[in-house]
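*Asks:* Here's the letter readout for the chains.
Protein chains: 2
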Amino acid sequence: MTDLADKILAGDRRSLARGITMVESARADHRAQATALLDRLAGAGRQALRIGLSGTPGVGKSTFIESFGMMLTAQGLRVAVLAVDPSSARSGGSILGDKTRMERLSRDPNAFIRPSPSQAHLGGVARRTREAVALCEAAGFDVVLIETVGVGQSETLVAEMTDLFILLMAPAGGDELQGVKRGIMEMADMILVNKADGDLKPAAMRTVADYAGALRLLRKRAQDPEGFPKALPVSALEEQGLIKAWDEMKMLADWRREHGHFTSRRAAQARHWFETEVREGLLARLHNDPAIRGRMGDLGAAVAAGEVAPAAAATEMLRLLGAAGPE
Amino acid sequence: MTDLADKILAGDRRSLARGITMVESARADHRAQATALLDRLAGAGRQALRIGLSGTPGVGKSTFIESFGMMLTAQGLRVAVLAVDPSSARSGGSILGDKTRMERLSRDPNAFIRPSPSQAHLGGVARRTREAVALCEAAGFDVVLIETVGVGQSETLVAEMTDLFILLMAPAGGDELQGVKRGIMEMADMILVNKADGDLKPAAMRTVADYAGALRLLRKRAQDPEGFPKALPVSALEEQGLIKAWDEMKMLADWRREHGHFTSRRAAQARHWFETEVREGLLARLHNDPAIRGRMGDLGAAVAAGEVAPAAAATEMLRLLGAAGPE
Ligand SMILES: Nc1nc2c(ncn2[C@@H]2O[C@H](COP(=O)(O)OP(=O)(O)OP(=O)(O)O)[C@@H](O)[C@H]2O)c(=O)[nH]1
Ligand SMILES: Nc1nc2c(ncn2[C@@H]2O[C@H](COP(=O)(O)OP(=O)(O)OP(=O)(O)O)[C@@H](O)[C@H]2O)c(=O)[nH]1
Ligand SMILES: [Mg+2]
Ligand SMILES: [Mg+2]
Chain A
1 MTDLADKILA
11 GDRRSLARGI
21 TMVESARADH
31 RAQATALLDR
41 LAGAGRQALR
51 IGLSGTPGVG
61 KSTFIESFGM
71 MLTAQGLRVA
81 VLAVDPSSAR
91 SGGSILGDKT
101 RMERLSRDPN
111 AFIRPSPSQA
121 HLGGVARRTR
131 EAVALCEAAG
141 FDVVLIETVG
151 VGQSETLVAE
161 MTDLFILLMA
171 PAGGDELQGV
181 KRGIMEMADM
191 ILVNKADGDL
201 KPAAMRTVAD
211 YAGALRLLRK
221 RAQDPEGFPK
231 ALPVSALEEQ
241 GLIKAWDEMK
251 MLADWRREHG
261 HFTSRRAAQA
271 RHWFETEVRE
281 GLLARLHNDP
291 AIRGRMGDLG
301 AAVAAGEVAP
311 AAAATEMLRL
321 LGAAGPE
Chain B
1 MTDLADKILA
11 GDRRSLARGI
21 TMVESARADH
31 RAQATALLDR
41 LAGAGRQALR
51 IGLSGTPGVG
61 KSTFIESFGM
71 MLTAQGLRVA
81 VLAVDPSSAR
91 SGGSILGDKT
101 RMERLSRDPN
111 AFIRPSPSQA
121 HLGGVARRTR
131 EAVALCEAAG
141 FDVVLIETVG
151 VGQSETLVAE
161 MTDLFILLMA
171 PAGGDELQGV
181 KRGIMEMADM
191 ILVNKADGDL
201 KPAAMRTVAD
211 YAGALRLLRK
221 RAQDPEGFPK
231 ALPVSALEEQ
241 GLIKAWDEMK
251 MLADWRREHG
261 HFTSRRAAQA
271 RHWFETEVRE
281 GLLARLHNDP
291 AIRGRMGDLG
301 AAVAAGEVAP
311 AAAATEMLRL
321 LGAAGPE
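Protein sequence lines correspond, in order, to chains A and B. Note that the UniProt record's numbering has the first sequence beginning at 1, numbered continuously upward. Note that the UniProt record's numbering has the second sequence beginning at 1, numbered continuously upward.
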């Protein structure tokens, strides 16, 4: 364990991968080892810039991560890429894999790419990813990119574990602005309108202007300096606007560090993480204790057979668990 | 309460709305009343066809529900529309409201439209919606449509409370097929390619063929008769293909009823509902018990201040709760 921790601290990528595999394991002995490993590494106090990246399918997340990641490593930075995949609960991701879209980055010695852990619950994926982030930080990565797809819960989870949350958008007609859920826009620290190239460039520039306006309306927070949150055009394919976007990210992060918001955000996130672990631990009783598991099974069968109403069965089960009813 | 139950059973829409408000309330006295109301109404044994409808923002869900709903009420059917909004956790829906898109349906005396309850957790929204479905069934609605947006968790929740799960898609180039998450496709009982009108019609027909092929590859289940799951073209705007789609939905539902799959799906859903209620009830201890709530607050503050690591604080809290560690 100490050996693995030392190797991770020395930046060894194979050891990092092994550590993440340990963190992702559901086995009780692995979990204990993972907790010990995380404890040990926390002492190093290393911090990466954690960047969350989200966008609907096909917007160019994979292409962007490849280009943006290569730009960062070209600046001498070490980059780790993790993913939170909300649909992995059922299938394990999109029909076509991502390997081909990140070919250069995956061969770069200063980059580390890890796909989303496959887990039954998004909460489980989030937990593993948070712990993987901690491992990447200990391994000395400067930037940890966390990708997620979708419009909903997974963005919130990613925003809750990152320092900056970036929304990648496609060029659109003005009418489509409504399609962006307000809640997701409110979480965004920056909107990047991708595919600002070729035929799509004029539409992309209009979309940038639209989102810039919408962002100003939706969110003016004490956490943001003047002029933020910003909308900017990029082309992941033609590698345009990436350095500018990175400069703006750094500016925002620096401003927040100076004004104490960076630390307070991380503090709130740590608290949230603690509360989540408590909730997960409570729920673990339902499957860890054989007697409880058995009664759950019996009552579940009775509910399925229509002999007991779901709510009534739940009330009985909760009495057994010594808990009051819901809410 | 009996009075309210009777009025709901008589199909009174204002009473139904009051019942749903009660079900959505977080107040303990309301919750007790809601449970009593649900118990009382369950005895009526009324069943609607529950149809889940999902699709990315802008695909035309609201327009479809308006047209499809009007087509159903024209057939003499009573239609209720509910929504599960994954982003309501933060904001309460999209920037532009939906009222204007469902103007006719919202004035139809045989229709009932209810927006998504605003709740801190998607799980809470799901629970309220499940209970609202039960109220709509008791009120004698023939069809309950449950809409959701997004790519991820909320579709799963909606699929878990409906008899049929329909995916609304936009016409697309062949390349974009990859953007559909496999897990969502696997849940779909039918794919409707919307906007099959005007310029978009040829693309829509191609997309139908693409999805029909993908569906055949992804899912051939004992729950489906020969030829299902199907992909069909519709135009919500021009009200084309809606009757055909409805006929296919009825055919699928009837087939499942005959073969016992309809009942077994509802049984599995009831079991799932029970298990979810138990989990929620367990977690309620964290905020209902003042001593526990206080200790949570203190430890949370210590974690935020960096004095205790999140995992260590969680372990302490779980010991206090008499639960083992996570997993
Ligand atoms: N013109 C143009 N096309 C792009 C750009 N970035 C990505 N694309 C194209 O958009 C399509 C989707 O790109 P991906 O990077 O796979 O998109 P994604 O967001 O990762 O998609 P999912 O993994 O399915 O969620 C591909 O055909 C890319 O070549 C860009 O900057 N300009
Ligand atoms: N051509 C055409 N346009 C349509 C059709 N259905 C909807 N639209 C248009 O597509 C746009 C979005 O429609 P909505 O019904 O609001 O889409 P939605 O899926 O409810 O969008 P969100 O509520 O944002 O998730 C609007 O401009 C509609 O007029 C259709 O059948 N054909
Ligand atoms: Mg991708
Ligand atoms: Mg809508």
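For the record, the hints were derived by calculation from the structure and aren't laboratory data. Mixed in with the good hints, there may be bad ones.
In this list, chains with the same sequence are indistinguishable; a pair is considered to hold if it fits within one copy or across any two.
Stated by the list, open to error - Subject to a maximum C-alpha distance of 25 angstroms in a straight line, what follows is the list of computed SDA-like cross-link-like pairs (lysine to any residue):
1) 7 <-> 232
2) 250 <-> 293
3) 244 <-> 222
4) 201 <-> 109
5) 201 <-> 58
6) 7 <-> 312
7) 201 <-> 172
8) 201 <-> 222
9) 244 <-> 280
*Asks:* Could you run down the list of hints and mark each one as holding or not?
*Replies:* Cross-check of the supplied hints:
Proximity of residue 7 and residue 232 under a CA criterion of 25 angstroms is satisfied in neither setting, with 39 angstroms inside one chain copy and 55 angstroms between copies. Neither within a single protomer nor between protomers do residue 250 and residue 293 lie at most 25 angstroms apart by alpha-carbon distance, with minima of 50 angstroms and 38 angstroms respectively. Proximity of residue 244 and residue 222 under a CA criterion of 25 angstroms is satisfied intra-copy only: 23 angstroms inside one chain copy versus 54 angstroms between copies. Taking identical chains as interchangeable, the C-alpha atoms of residue 201 and residue 109 are never at most 25 angstroms apart, the minima being 33 angstroms within one chain and 48 angstroms between chains.
Proximity of residue 201 to residue 58 under the C-alpha cut-off of 25 angstroms is found in both arrangements, the shortest distances being 17 angstroms within a copy and 22 angstroms between copies. For a Cα distance limit of 25 angstroms, the shortest separation of residue 7 from residue 312 across copies, 24 angstroms, qualifies, whereas the shortest one inside one copy, 53 angstroms, does not. With identical chains, the CA atoms of residue 201 and residue 172 are at most 25 angstroms apart both within one copy (11 angstroms) and between copies (20 angstroms). Taking the shortest Cα distances, residue 201 and residue 222 never come within 25 angstroms of each other, neither inside one copy (33 angstroms) nor across copies (48 angstroms).
Taking identical chains as interchangeable, the C-alpha atoms of residue 244 and residue 280 are never at most 25 angstroms apart, the minima being 41 angstroms within one chain and 46 angstroms between chains.
In summary, the numbered hints that this structure violates are 1, 2, 4, 8 and 9.
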